[in-house]
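Novice: Position chain B relative to chain A; hints supplied.
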Amino acid sequence: MNLYRAHVLVCGGTGCSSSGSAQLIERFEQQLKEKGLEKEVQVVRTGCFGLCEAGPVVIVYPEGTFYSRVKVEDVDEIVSEHLLKGRKVQHLVYVDHATKESTVQKSLDEVGFYKQQERLALRNCGVIDPENIDEYIAFDGYKALAKALTEMTPEEVIKVVLDSGLRGRGGAGFPTGRKWQFAAASKADQKYIICNADEGDPGAFMDRSILEGDPHSVIEAMTIGGYAIGATEGYVYVRAEYPIAVGRLQTAIDQAREYGLLGKNIFGSGFDFDMHIRLGAGAFVCGEETALMHSIEGMRGEPTPKPPFPAVRGLFDKPSNINNVETYANIPLIINKGADWFKSIGTPGNSGTKVFALGGKINNTGLVEIPMGTSLRTVIYDIGGGIPNGKKFKAVQTGGPSGGCIPAEHLDIAIDYDSLTSIGSMMGSGGMIVMDEDNCMVDIARFFLDFTVDESCGKCTPCRVGTRRMLEILERITEGKGEEGDIEKLEALAENIKATALCGLGQTAPNPVLSTLKYFRDEYEAHIKEKRCPAHHCQKLLNYVITDKCRGCTLCSKVCPAGAISGTVKEQHVIDTTKCLKCGACIEKCRFGAIIKN
Amino acid sequence: MKSLADLEAIRAKTLENIAMRKDHNDAARVVVGMATCGIAAGARPVMLQFVEEIKKRNLEHVTVSQTGCIGMCRLEPMVDVIMPGKEKVTYVKVKPEMVARIVAEHIVNGRPVEEYTIGAAE
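Chain order of the listed sequences is A and B. Letter 470 of the first sequence, counting from 1, is numbered 470 in my numbering, and no numbers are missing. Letter 33 of the second sequence, counting from 1, is numbered 33 in my numbering, and no numbers are missing.
For reference, chain A alone in the conformation it holds in the complex:
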């Protein structure tokens, strides 16, 4: 094997792939060959580095130089300057949003975005080649499996997981060890272990990134789980919209089989285990465990009431255990380093870390992993780099369509399962959407409800009809047709749906409405009573006005499709609000910033 003196790591996650990282790799390989460096420098396609905002991302080791937004044309310069002559290409090096400093002199760990993170589940993402099992093994991969199978009884494995305090990272936060205990206690000739990779929350993509960047960690953990509960077969249910993740997982499964890490008599322990991938069509409800199992069985993805819980009667009516991708990614570490180590991270009752997908109005969109108990402020301002364009922070939405909005007054709350629930939101799978002063909270609630109405499977009435009624009311409000009593109606519907819906999707669907009502009731009232959108967002509630900055250039009247603007040359023009379509074409054209919305 060649010993390379430098490694060029190119992000091959979905984000960077779509901005052309595959071409970068090609160009690097070609340029290195041309310069005769192909035996000295290795090019590696890795999983997601997390800082998707700066993609495509290239990291050069041993220096740990972080190049951002690299274009194919830039590759020649990196090769001839950095790799050949050892001079970092200053203008391509990532600039820290928070400090506005170039990171030329820093190594990766010192960059603001990474400094406060603690990457456990994402430990190998962006570090190893996900399609090379040897690199996973090099960083202690499959060591936990070996330890579990050769040194521990299934009961001991469960005890470590239980003692670690690991809770389900899919959102609800049920203790993983307890789940395993229940499944282990069920007697049956066949049991199954399932991985829920049906990541459906808008904006959340940590499961995808783990499967893309470190698929072996999930395979290893599922095998350990299989040993613990007595299952010999596993299924990964992953949505077909994640082609890169599916491809890499399949490659990883094939490699593990070839090495005998899946199959018969693993590590000579007498334990057999194998696993399969099942593709989902991307229905949100299939993230619900009973619906997911029906879908694997080939039936409609509809939930059924619990109990019976999957641990008693699950997939193919056999006892099954189902965990989320991120939960599994933590398991090998816990087995290797012990329950006490894991508990030392995070807060009591909430051990470990959580991965969040930062999105919305924030500078560093991407994937971050932080210890439980980190404050929202740290995540948004220190790691996320704050709000772009000097705007003011308004709220952050966590937990996707099942979660809620958290206003500025709770920014200093320590993030964990219980604290988020206590302020009317939830952890969820970890989507974190930041909103600034331009976001209308009524419209945000409408957006999430629109999503749930779309994704409701239709089996139970509260969810099928109730959420639609709520959406209709919200649509009316955002269109300026809100009536007195709408808020009370929304609240009554929300409580009923919460209490009576069949599955988690319906039970949590009203959360975005309830939490915005709780913290931003004044915005609802402004829409209903004053027919005004305080954030100037709801199109139908806006009036376009021309101010005295107008020079009478007539551009706006020419571009207006409705002929709503009149006036004479060199004099202030006027918009006829009855004709105005509120399309915004005039604002775009005006060179003097004379047209405003209010």
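Misleading hints may appear alongside valid ones.
Unchecked claim - Derived DSBU-like pairs: lysine-lysine, alpha-carbon spacing no greater than 35 angstroms straight-line: (1) A:LYS540 <-> A:LYS582; (2) B:LYS13 <-> A:LYS39; (3) B:LYS13 <-> A:LYS143; (4) A:LYS85 <-> B:LYS95; (5) B:LYS2 <-> A:LYS343; (6) A:LYS39 <-> B:LYS88.
To be verified - The calculated label-pair distances, taken between Cβ atoms and stated as ranges, are: (7) B:LYS95 <-> A:THR251: 43 to 49 angstroms; (8) A:ARG69 <-> B:ARG111: 43 to 49 angstroms; (9) A:GLY260 <-> B:ARG111: 44 to 50 angstroms; (10) B:GLU8 <-> A:ASP454: 48 to 54 angstroms.
Hints are computed from structural coordinates only; laboratory data are not their basis. We put the beta carbon where it would ideally sit given N, CA and C, even for glycine.
Specialist: Leaving out everything else, chain B in the frame of chain A:
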């Protein structure tokens, strides 16, 4: 693969190659001057010799990297060796055949090779 030993063998073999991707604060660094002057004076074979020597001795915590010109072109090829917690030592007019001694005495045993250093040359 049937045993822990097999797994360990793969781990050790691959780690040697990719260890540099984990940040080591305890890593020793060999920095070779590779500007035009360095390259012209023969820095490339020197650097490759370092890579070769480090591989031969299985030194996990050593990285070899490059740097630009620091102005003393007449003394190139120049090599800095920075041991964790120690002052950097600069070697000048390094030739490939000097590398084995630098690695053995300085990096492995912590005793800089005085006669090759910039102090001796001045």
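Novice: What are the numbers of the hints the structure violates, in ascending order?
Specialist: none
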